[in-house]
Amino acid sequence: MYNLTCEDINNFYKRYINNISKNHSIENELLRKNPDSSKWIDLLYNKSNELRQLFSTNEDELNRYIRPFISGTHSLTPELCECFLSNMKPFIKLRYMDSLVTLDICSTIHNYLIENNSTNYNLLCLSCSYSGYFESILIRLDHPERAIEYYNEAISYIDKFDFLSDDARIRIVASYYNRLIALSRQTNIDAYTMIKYYEEASAFFYNPQYAKYTHKLFTDEEFEFWSSSIVCSVLLKLSPCYNNVISDDYTTDYATKLATSLYSKFCNHHTNIYSMTASIFLSYNKTLLSQGKITKSMYFNILLNYYKHIDRTIVFDDPDFTDHIYIETLHRIVPSLIEYAEYAFDNPEDAHLFRLELSREVLKFVGSIPHSHKTSQVNLLIYELLKLCLKHIDTRDEMIDIISKISINRQISTGIHISMVSRISDLILRSIIIHRPELLIGLPEINCIDDVKKRKKELYYHMKNSALCHDTGKIAIGSMINLQTRKLTDTEFEIIKTHPDIGYDILYNNNRLRLYADIARGHHKFANGKGGYPKDFDNTKSQMRIVIDIITISDCIDAATDTLGRNYAKSKTFYDVLEELNKDKGTRYSSDIVELLNSDECLCDCLCDLTGKGRISVYNKIYRLVNSADKR
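Heads up: the sequence shown is residues 172 to 803, going by the numbering used here.
There may be inaccurate statements among the hints.
Computed beta-carbon distance windows for the label pairs [as the list claims (entries may be wrong)]:
| id | residue 1 | residue 2 | range |
| --- | --- | --- | --- |
| 1 | 239 | 290 | 49 to 57 Å |
| 2 | 616 | 316 | 45 to 53 Å |
| 3 | 798 | 286 | 36 to 44 Å |
| 4 | 234 | 263 | 20 to 28 Å |
Capping the alpha-carbon separation at 30 Å, the derived lysine-lysine pairs in DSBU-like fashion look like this [what the hints assert, rightly or not]:
| id | residue 1 | residue 2 |
| --- | --- | --- |
| 5 | 218 | 264 |
| 6 | 743 | 576 |
| 7 | 706 | 635 |
| 8 | 658 | 193 |
| 9 | 792 | 668 |
| 10 | 712 | 701 |
No lab work stands behind these hints, which were simulated from the structure alone. Think of the CB as a built atom: it goes at the ideal place given N, C-alpha and C, for glycine as much as any other residue.
Sequences are here, hints too, so could you generate the full structure?
Written as structure tokens, this is what we have:
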């Protein structure tokens, strides 16, 4: 057993952060090169080898410096706890989520301090505040109550404020604000608790005893408008995700008075109304609407005028670009414009045209956010806007094109994957049509073998779309999908396992894409329905079962043979994978499709070529698309 020192830990974090930067640099270098140049393929292989080595290095270092403390193999000390916590600042500044070196180690430290009855309030405050912050990023789509518990504990050390370090004081200030954000993400929000947290935050922030300390997080005005905008957004239900807010006349009246007060205060101090926080602007006008002071048509036009005049110049290199007023407008104003468009136009077709143009504009913008900006805030925004705006796009082809482009730009690895799965599934379908057409009977409008022959074109079309849509849910959790510099933790893998349900949610709520919802939800289920995830979906009863089975096997073939893009994968050929498919046929994989692969030598040769040298052309195509998107 070796003893680790604080110097060891500090040096580890320096190297680890440097490795993160190196990972981005390698990716960006490949994107800067012309994919059509002769040196590009060499660079691609070099990138793969370097990232694989980086993956191995990180794993070795994590096994030496992090995992032993989390597992209890190595014992913490107060000095080591302080050392670990002092290394959290860069991760917060970068808004970078790496649960193993942030949340897991912070929560381990916190448990150690509690179990040992520590009276080091600096460490106690820092450990629970950091745990709350990283918890709220990691579990963005679920369980925000865990973050709230951490924030509540950090705030409980307020009576020790005068004796805390500057860092700990800053974390208390941050906890008051972040607690409001975390509460706003609960499934069922108690409006009285929201008001209670807001008033506690305001009382703290304006208490002269605490105001004398310089916290450097935000100005008085920023705190007032940002925190109030959260409260008003929730209590006035400015977003569909707030429909389950438990409120009454008192809480609604509270939000109405707050929005009115803030609106007036802003107008008294600023001449440009279009620089006002979108939530406050919307809240104030929503109260006018609810009081009957303006009509729904007037409400729509006021919001539209705001939308047209706000500044949209966003500097994506700014780490805080997600706080930009246009980003918040996409969260708040756009849903209301879409909802109330029907009241502003005499002709329903004009309302439809407005929604179509607005949806195209919004989705084009989120699809153009540079691929390197993979923050969870951006991924959540894209997820929400896809659900909202996709249904207003005119055609299925345009919808799927939008999904594909966003997937490619946000996650290059996913873009390559869905393109490969599309090609693999197309080859398998062609073999089925020739050799086992009866397997397709039962699909929509396929009632007999003659229908298979008559509708081959439609079958290829729908198989292609199924492949392009099957990983739609990964858009919402891109920060986790792109984390390939080490092995995923159990918690991270549980988040990965939510992507079939997220994809289903996006697709099922769209009439033109509902056909592909079961494929998105079922492509990680065992063919016999008894394993895989999600557990509450029975793929064996889906009308699209054969398509799910094809996509599942295609997904597996690509994932197992992609040694260029998957740093954690061992080198496998198609025939290596075929052996594994045979071992699990009848349980995990469809016996019919595996037997087809066994018997169709031509199909196997094509798949072997595609997953080998043929993969390069797919990489080339996707990188060219991302390169051209970044230049725009």
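For each hint, the structure was consulted:
no., hint, verdict
1, 239 - 290: 49 to 57 Å, "26 Å, violated"
2, 616 - 316: 45 to 53 Å, "46 Å, holds"
3, 798 - 286: 36 to 44 Å, "52 Å, violated"
4, 234 - 263: 20 to 28 Å, "25 Å, holds"
5, 218 - 264, "27 Å, holds"
6, 743 - 576, "29 Å, holds"
7, 706 - 635, "26 Å, holds"
8, 658 - 193, "18 Å, holds"
9, 792 - 668, "28 Å, holds"
10, 712 - 701, "12 Å, holds"
When held up to the earlier numbered hints, the structure conflicts with 1, 3 and fits the remainder.
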